[in-house]
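S.K.: Produce the complete structure using the sequences and hints provided.
First to last, the sequence lines map onto chains H and D. Going by the working numbering, 215 is the number at position 215 of the first sequence; the sequence numbering is gapless. Start counting at 1 in the second sequence, then tack on 1000, and there's your number in the working numbering.
Derived from the structure by calculation, the hints contain no laboratory data. Think of the CB as a built atom: it goes at the ideal place given N, C-alpha and C, for glycine as much as any other residue. Treat each hint with caution, since some may be false.
Simulated coverage check for chain H against chain D, where a stretch passes if three residues somewhere in it have a Cβ under 8 angstroms from a Cβ of chain D [said to hold, decoys possible]:
{"id": "1", "region": "163-170"}
{"id": "2", "region": "202-213"}
{"id": "3", "region": "217-226"}
{"id": "4", "region": "281-295"}
{"id": "5", "region": "306-318"}
Distance windows between CB atoms, simulated [to be verified]:
{"id": "6", "chain 1": "D", "residue 1": "E1317", "chain 2": "H", "residue 2": "R188", "range": "46 to 54 angstroms"}
{"id": "7", "chain 1": "D", "residue 1": "K1062", "chain 2": "H", "residue 2": "T193", "range": "51 to 59 angstroms"}
{"id": "8", "chain 1": "H", "residue 1": "Q239", "chain 2": "D", "residue 2": "R1305", "range": "51 to 59 angstroms"}
{"id": "9", "chain 1": "H", "residue 1": "G158", "chain 2": "D", "residue 2": "S1421", "range": "20 to 28 angstroms"}
{"id": "10", "chain 1": "H", "residue 1": "L258", "chain 2": "D", "residue 2": "R1309", "range": "26 to 34 angstroms"}
{"id": "11", "chain 1": "H", "residue 1": "D246", "chain 2": "D", "residue 2": "T1236", "range": "44 to 52 angstroms"}
{"id": "12", "chain 1": "D", "residue 1": "T1080", "chain 2": "H", "residue 2": "D246", "range": "43 to 51 angstroms"}
{"id": "13", "chain 1": "H", "residue 1": "L258", "chain 2": "D", "residue 2": "N1159", "range": "15 to 23 angstroms"}
Derived PhoX-like pairs (lysine-lysine); straight-line CA-CA distance at most 20 angstroms [unchecked claim]:
{"id": "14", "chain 1": "D", "residue 1": "K1106", "chain 2": "D", "residue 2": "K1179"}
{"id": "15", "chain 1": "D", "residue 1": "K1441", "chain 2": "H", "residue 2": "K178"}
{"id": "16", "chain 1": "D", "residue 1": "K1261", "chain 2": "D", "residue 2": "K1156"}
{"id": "17", "chain 1": "D", "residue 1": "K1275", "chain 2": "D", "residue 2": "K1383"}
{"id": "18", "chain 1": "D", "residue 1": "K1179", "chain 2": "D", "residue 2": "K1194"}
{"id": "19", "chain 1": "D", "residue 1": "K1397", "chain 2": "H", "residue 2": "K292"}
{"id": "20", "chain 1": "D", "residue 1": "K1383", "chain 2": "D", "residue 2": "K1261"}
{"id": "21", "chain 1": "D", "residue 1": "K1438", "chain 2": "H", "residue 2": "K164"}
{"id": "22", "chain 1": "D", "residue 1": "K1397", "chain 2": "D", "residue 2": "K1437"}
{"id": "23", "chain 1": "H", "residue 1": "K226", "chain 2": "H", "residue 2": "K164"}
{"id": "24", "chain 1": "D", "residue 1": "K1441", "chain 2": "H", "residue 2": "K164"}
{"id": "25", "chain 1": "D", "residue 1": "K1252", "chain 2": "H", "residue 2": "K178"}
{"id": "26", "chain 1": "D", "residue 1": "K1246", "chain 2": "D", "residue 2": "K1179"}
{"id": "27", "chain 1": "D", "residue 1": "K1246", "chain 2": "D", "residue 2": "K1234"}
{"id": "28", "chain 1": "H", "residue 1": "K226", "chain 2": "H", "residue 2": "K178"}
{"id": "29", "chain 1": "D", "residue 1": "K1255", "chain 2": "D", "residue 2": "K1275"}
{"id": "30", "chain 1": "D", "residue 1": "K1383", "chain 2": "D", "residue 2": "K1397"}
{"id": "31", "chain 1": "D", "residue 1": "K1075", "chain 2": "D", "residue 2": "K1062"}
{"id": "32", "chain 1": "H", "residue 1": "K292", "chain 2": "D", "residue 2": "K1383"}
{"id": "33", "chain 1": "D", "residue 1": "K1179", "chain 2": "D", "residue 2": "K1252"}
{"id": "34", "chain 1": "H", "residue 1": "K164", "chain 2": "H", "residue 2": "K178"}
{"id": "35", "chain 1": "D", "residue 1": "K1396", "chain 2": "H", "residue 2": "K292"}
{"id": "36", "chain 1": "D", "residue 1": "K1437", "chain 2": "H", "residue 2": "K164"}
{"id": "37", "chain 1": "D", "residue 1": "K1179", "chain 2": "D", "residue 2": "K1156"}
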Amino acid sequence: MDESALERYFDDSIANDSNFRLVEELGLQSPAPHVEGPTPFPQDSSYLSGKAGQGGVLGEELDLSFLPDDLSTQESTAQAESPNLDVSQDSGIGPDCNSQDSTAANTHQGVSTSGPGTSASPFCPMTPMTPMTPVTPVTERSGIIPQLQNIVSTVNLGCPLDLKFIALQARNAEYNPKRFAAVIMRIREPRTTALIFSSGKMVCTGAKSEEQSRLAARKYARVVQKLGFPARFLDFKIQNMVASCDVSFPIRLEGLVLTHQQFSSYEPELFPGLIYRMVKPRIVLLIFVSGKVVLTGAKERAEIYEAFENIYPILRGFRKQ
Amino acid sequence: MSPPGLRCPGCGSSNIVDDDLYCQSQLVCADCGSVVSEGLLASDPVGGSDVSYSRTTAVAKKPCTNQIKGLQRLKAICRTLRVHREIEDLSQTYYNQAYQHESFIKVSLQKKEVLAGCCVLVSCRLLNWPISMGTISCLLDADPMVVGVVYQAMIKVLNITAPIVNVTDVMEAHSQEYKISSSHVPEELAENSKDLTKRAVALVELAADSWIVTGRKPIPIMMAAVYLAWQSLKPTKQRLKLTLDKFCQMAKVNKHRPAMKRIAEMKEVLCKLGKEIPWVREAVTPDNVVQQVEDILQHRYALLRRALRTHEEALLEQEASSEAPTQISELSEKIPNSSSVEPCEPDAKMAEEPGDEDNNQCVMSEFHSDTQKNQDPTPNWGKRELFAPPCVIHAKKRRVEQPELRDVTGDEEISDSEIESYIRTPREARDFALTQKKLAKGEIEKS
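M.R.: Given below as structure tokens:
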């Protein structure tokens, strides 16, 4: 009932004004203020396919290249990901998302992730009728971006492997069955390490970004292939992401553990940092007195950014004592 | 006797007797000998009686012997610490709960003892009785890390959130351990424990305000505070010359190595405040600051305000004077900086020993020069603040990461040559296999 009503509403808007077309596209991807979590909005694909069906006209005129530039006006480096886009991650509009099947993502993948320099669209996202997710005003954002330090991913090569043979034939492999039941292989570029098990499953660690992790995993699979095994590349999945950043002011950990007792654990006799287990998103943060923060446990980059934006105002509260 | 009115079904007589000769009593007719009723065994309900065994016969589940022993050990710990009755009861409850849990029922006996200590610890925390984990580890004679692991597992299992312990609260209990009252040591070196505690608590509070305490282990800090308090209560030459080692020997406590660094850090903070004392003529250095400690502690808030003001003024002056283009100023600042680094290094090498003072002076000059000597562009904010956590002031130089692959899509082409470089040539593989065999043989022959 809701689906059809919403579709009708959007269909009307499209008929009314071409400007709103793109707005609805954006608005639909960020459907309502309260939508959370990575579960894809069920209407997405239906709406998009509906749109495509309405005639190639719309699909051709849709220019999604403006999206990263427009929303990330503050960031100037290529690496900068706007935390704004985390709400649209489930629909694949985010510049880093590379494994969604929606048509929007397909058209978007051609667009490179280079930030500024590409033309800024005159389109203004702040039209009053847009049902957009409320964005934190620029002044409140921290301006600090956590840097990814380590990505752990797994992939299934799909065939049993002879670890002794691999250890013999590969230069960059070490295998000590008495110590650990896997071959430890390393490549130089991207600088990563892989654990390859006899079942054909592999764990790849040490990459600094999701794409690097994927590239590295593919290289390991190629090495195994070249050694004569029918290796494939199945179920690549990022299992954990670790990031760190510095808020540049000291933090009173004792105060923080008092006010956020249910989330924090601070035992200076055991570990100098405070362990903060955030519930939403489910991320563990290690907060140190020097102001350095380590975030871990994320499966998506957006979770890290969201977690940091959540913790930053809390830390600011403990700044001046 | 058989109930009246009962007739034998065989012959009809009413002469029925109770025959108790055999294992079950039977009602037997005296005339014809037929059994009238058989008794319990024959008339047992098929499939067992209606009342279950556990309800009629089984006794209440007793705690196993190890649990009882654990409880006794727990009581002993409580008695040693002389805690309240409530704490003892609460910790016993927790122990019984935790003991039955699957993660603790099968651990070693040593871990179960540690578990007892952890129950006492958590009960003390919940009921506002300050003890540190170090004390418990000492009592149990266990590795503090093991205690920590068991403690964290236990609070997860029992779902407790216990408040953390304030260092100033633990201070009093800690300073009781030091045996330096007049009955133990000569009058010259003796100190009343109340005065000592008071002064040490003031020092710890000052340290907490200036970021020395957060994130650090509390016991070395407390040790440093007691040592400085003891020195400053009667700053005679004899006391000042006594090193931390000898002090700990005298007071019969175990020395903690980090305490040296804490002493140096505390002295640095005291110097920063001591500089602001208006009636002190000479420069306040870590060597002579101990004499000023009493005054500093007494007027510490006023001195703190003055120090902060002076620091702000100094910063403003610096900013005003460095209106010249930043590159030139950075260059000129770098030159005096490098020269100040040089004399620091030989000092640091000479002062390996407890004399952290030299190292300290080095640090002070770094602080005063107020520039950054490392190449990274982000300024070390710790150097601009008057008080900052020591890990920020002495930031470790991080290895600069080479900015590697950027804009990697993950789907790029992988060149064959690159992959080939990771695979051995057939000859290499043969050599490797041969060498491995030789090594393996060599090892077997050796052993």
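S.K.: Go through the numbered hints given earlier and state which of them the structure violates, listing their numbers in rising order.
M.R.: Violated hints (numbers, rising): 5, 14, 16, 22, 25, 28, 29, 37; every other hint is consistent with the structure.
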